[in-house]
Amino acid sequence: MTGLADGLAVDAEVSRGEFVLAVSLTAAPGQVVGVLGPNGAGKSTLLSAVAGLTPVSAGRISLAGQVLDDASDGAFVEAAARPVGFVFQNYRLFPHLTVAGNVEFAPRARGLGKQAAQAAAAYWLSRLGLTDLADRKPGQLSGGQAQRVALARALAGEPRLLLLDEPLSALDAGTRLDVQAELKRHLTDFAGPCLLVTHDPLEALVLADRVLVLEQGRIVQEGTPAHVARQPATEYVAKLVGLNLYAGHADGAKVALDRGGMLVVPDRGQHGEVLVAVRPSAIVVSTHQPVAGSARNAWPARVVGLTLLADRVRLDLDGTPAALADVTPAAVAELSLAAGAEVWLTVKATDLEVYPHSDVQSA
Amino acid sequence: MPAPLLVPALVAVVFLILPLAGLLVRAPWSSLASALSGSDATQALVLSVWTSSVTTAIALIIGVPLAWVLARTTFPGQRLLRALVTLPLVLPPVVGGVALLLAFSRVGLVGRYLDSWFGLTIPFTPIAVVMAETFVAMPFLIITVEGALRSADQGFEEAAATLGASRMTVFRRVTVPLIAPSLGAGAVLCWARALGEFGATITFAGSFPGQTETMPIAVYYALENDPNAAIALSLVLLVVSVVVLVSLRDRWLRRGPVA
Numbered sequence: 216m217t218g219l220a221d222g223l224a225v226d227a228e229v230s231r232g233e234f235v236l237a238v239s240l241t242a243a244p245g246q247v248v249g250v251l252g253p254n255g256a257g258k259s260t261l262l263s264a265v266a267g268l269t270p271v272s273a274g275r276i277s278l279a280g281q282v283l284d285d286a287s288d289g290a291f292v293e294a295a296a297r298p299v300g301f302v303f304q305n306y307r308l309f310p311h312l313t314v315a316g317n318v319e320f321a322p323r324a325r326g327l328g329k330q331a332a333q334a335a336a337a338y339w340l341s342r343l344g345l346t347d348l349a350d351r352k353p354g355q356l357s358g359g360q361a362q363r364v365a366l367a368r369a370l371a372g373e374p375r376l377l378l379l380d381e382p383l384s385a386l387d388a389g390t391r392l393d394v395q396a397e398l399k400r401h402l403t404d405f406a407g408p409c410l411l412v413t414h415d416p417l418e419a420l421v422l423a424d425r426v427l428v429l430e431q432g433r434i435v436q437e438g439t440p441a442h443v444a445r446q447p448a449t450e451y452v453a454k455l456v457g458l459n460l461y462a463g464h465a466d467g468a469k470v471a472l473d474r475g476g477m478l479v480v481p482d483r484g485q486h487g488e489v490l491v492a493v494r495p496s497a498i499v500v501s502t503h504q505p506v507a508g509s510a511r512n513a514w515p516a517r518v519v520g521l522t523l524l525a526d527r528v529r530l531d532l533d534g535t536p537a538a539l540a541d542v543t544p545a546a547v548a549e550l551s552l553a554a555g556a557e558v559w560l561t562v563k564a565t566d567l568e569v570y571p572h573s574d575v576q577s578a
Numbered sequence: 066m067p068a069p070l071l072v073p074a075l076v077a078v079v080f081l082i083l084p085l086a087g088l089l090v091r092a093p094w095s096s097l098a099s100a101l102s103g104s105d106a107t108q109a110l111v112l113s114v115w116t117s118s119v120t121t122a123i124a125l126i127i128g129v130p131l132a133w134v135l136a137r138t139t140f141p142g143q144r145l146l147r148a149l150v151t152l153p154l155v156l157p158p159v160v161g162g163v164a165l166l167l168a169f170s171r172v173g174l175v176g177r178y179l180d181s182w183f184g185l186t187i188p189f190t191p192i193a194v195v196m197a198e199t200f201v202a203m204p205f206l207i208i209t210v211e212g213a214l215r216s217a218d219q220g221f222e223e224a225a226a227t228l229g230a231s232r233m234t235v236f237r238r239v240t241v242p243l244i245a246p247s248l249g250a251g252a253v254l255c256w257a258r259a260l261g262e263f264g265a266t267i268t269f270a271g272s273f274p275g276q277t278e279t280m281p282i283a284v285y286y287a288l289e290n291d292p293n294a295a296i297a298l299s300l301v302l303l304v305v306s307v308v309v310l311v312s313l314r315d316r317w318l319r320r321g322p323v324a
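Those protein sequence lines, which keep their order, are chains W and S.
The first sequence lines up with residues 216 to 578 when you count with the numbering used here.
The second sequence lines up with residues 66 to 324 when you count with the numbering used here.
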């Protein structure tokens, strides 16, 4: 990690009524840190504290070595004085100003004269392809355009830190991919650290260099997107990335699962508490008990639900352990799978991802 | 429709509309211009318009910040302060006039110092008119603006702060423009209330033609010796009220909750 002295460092607690957010994170210049978590996990509170809209109740926040907020000595830099660009959920574009007026706002507020501010705004408008929309009011923009204006407005203040709160959640599915690709490009160009908050795992995986998973005010996992997607630390993340996740106790190749059942995994000498992740497509469903083969795990289960996902059907299976398995629609017909059907599940040991269970995973 | 409801409702309508209709019927339409151009009437009209306008300007300058303080800060005694600020809305104006007199007359609480230090005597001057009108009318502006500030989306102000705007810049460039419709409505209400002010004004400022005799006071005195002028002035006030009502129709005359 390049000099933390240049990056964002948060080691703080923020209280909002009963809720307490307690996080420790760093973001290096040029790095996009994705904060992934369910609603109410404290993601927006984190951004609000970093931006200076909510003071921390303990600990400190610093950027490039400058303390922004320190509960121990009361140091607090006002939001207006922080070199931060904030793209809000729903954007919060000023409805009474034009697109150009919105983008000029930060240069003006940060002390540039009218002409210099207009020039700065013109630069960012052209950079984000908004020049033709300069005279429109926010009410006349599409979702994707409003998103770009919000980004332009945040960048026009020449921030040294960028905060994005669910930047794509207000967009419909059709425009989301385009805007996402464009956002990725602009984030790559941005030199400072960037915190991106989202509840959409795909957004975090595509846009972030590093992902933090936040649940109930705590960081439960931290790692590269690939790592988080392959070895989820909690059921929430496993569900988001579409994996079966089992906690259990390993003794070499055998893992006794906490909720009943046993899985044979590749023996890498693991002992103690582990997590086992399985892709639903790695689980083979058959109507007869399988004969011994290369698959090392076989157990009976009952179909409790079927969901059609584009080109495959996801089976919700009750057994020891319970599992989600993906099969083709043709297989559903051939095996006459319906709710209540009794089946056998098999999965190869080599398709099981085994990793130690600890409170915070880091890569 | 049940008659026990319909009949009283009709009585209420007739009661409210008949006097105004009478005013229109009795109006000296042919000599309206001359009735209004009588020196007293014109003086009263001019005095009323400028004092009401000055009152509104003062209310904007000091009332809007007070509305902001009431809406956006918390401090001990705030509820009491809000109650005191809105008291003039229900206080009989004549009581306001007596109170102003006790405070600012030459022997009043404050007035005695104004008199002895600056030689300034306020009662029975145009300044007193403006003060009486401000006392009575400013609360209309304050409560309108305070309500707007409370319901305004503070997310925009947060956004402005993250863009580097100081609190004053946020207020000037975001808060005020966003509540502009309510600010306008409050100002119009305040101006209209000031224009119609009678009780506090006549008590604190008296009725010197050209100096402190505003339109409502002029109407009151004209009724005795120049009824045509009284009716003409009343018509002017009626027209102003209708214009105010029309300009505020989006807030007041819409049925049910505003979408």
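Don't take each hint at face value.
[Stated by the list, open to error] Taking lysine to any residue and the SDA-like style, the derived pairs with C-alpha atoms no more than 20 Å apart in a straight line are:
id : chain 1 : residue 1 : chain 2 : residue 2
1  : W       : K329      : S       : A245
2  : W       : K352      : S       : S231
3  : W       : K469      : W       : R483
4  : W       : K399      : W       : V435
5  : W       : K352      : S       : P242
6  : W       : K399      : W       : D350
7  : W       : K469      : S       : L243
8  : W       : K352      : S       : R238
9  : W       : K329      : S       : P246
10 : W       : K329      : S       : A217
11 : W       : K454      : W       : G358
12 : W       : K329      : S       : G220
13 : W       : K454      : W       : G438
14 : W       : K563      : W       : Q504
15 : W       : K329      : S       : T234
16 : W       : K352      : S       : F221
17 : W       : K352      : S       : S118
18 : W       : K469      : S       : V304
19 : W       : K352      : S       : G220
20 : W       : K454      : W       : V435
21 : W       : K329      : W       : G316
22 : W       : K352      : S       : M233
23 : W       : K454      : S       : L243
24 : W       : K329      : W       : G354
To be clear, the hints were calculated from the coordinates, so they are not data collected in a lab.
Verification of the hints:
1. W:K329 - S:A245: violated (23 Å)
2. W:K352 - S:S231: Given that 20 Å is the threshold and the Cα spacing comes to 24 Å, the pair is violated.
3. W:K469 - W:R483: holds (11 Å)
4. W:K399 - W:V435: It is violated: about 25 Å lies between the C-alpha atoms, which goes past 20 Å.
5. W:K352 - S:P242: Within the cut-off at roughly 14 Å; holds.
6. W:K399 - W:D350: This hinted pair is violated, its Cα atoms lying about 26 Å apart.
7. W:K469 - S:L243: violated (65 Å)
8. W:K352 - S:R238: holds (16 Å)
9. W:K329 - S:P246: violated (27 Å)
10. W:K329 - S:A217: violated (28 Å)
11. W:K454 - W:G358: Between W:K454 and W:G358 the Cα gap is close to 28 Å, so the pair fails against 20 Å, i.e. violated.
12. W:K329 - S:G220: Given pair W:K329, S:G220 is violated - Cα atoms ~25 Å apart, limit 20 Å.
13. W:K454 - W:G438: OK: W:K454 and W:G438 at ~17 Å, within 20 Å.
14. W:K563 - W:Q504: holds (15 Å)
15. W:K329 - S:T234: holds (15 Å)
16. W:K352 - S:F221: Within the cut-off at roughly 15 Å; holds.
17. W:K352 - S:S118: The given pair, whose Cα atoms are some 33 Å apart, is violated under the 20 Å limit.
18. W:K469 - S:V304: Answer violated: W:K469 to S:V304 is near 92 Å, above 20 Å.
19. W:K352 - S:G220: holds (18 Å)
20. W:K454 - W:V435: holds (15 Å)
21. W:K329 - W:G316: holds (11 Å)
22. W:K352 - S:M233: This hinted pair is violated, its Cα atoms lying about 24 Å apart.
23. W:K454 - S:L243: Outside the cut-off at roughly 43 Å; violated.
24. W:K329 - W:G354: Measuring from Cα to Cα gives roughly 24 Å; hence the hint is violated.
Violated hints, in rising order: 1, 2, 4, 6, 7, 9, 10, 11, 12, 17, 18, 22, 23, 24; the structure is consistent with all others.
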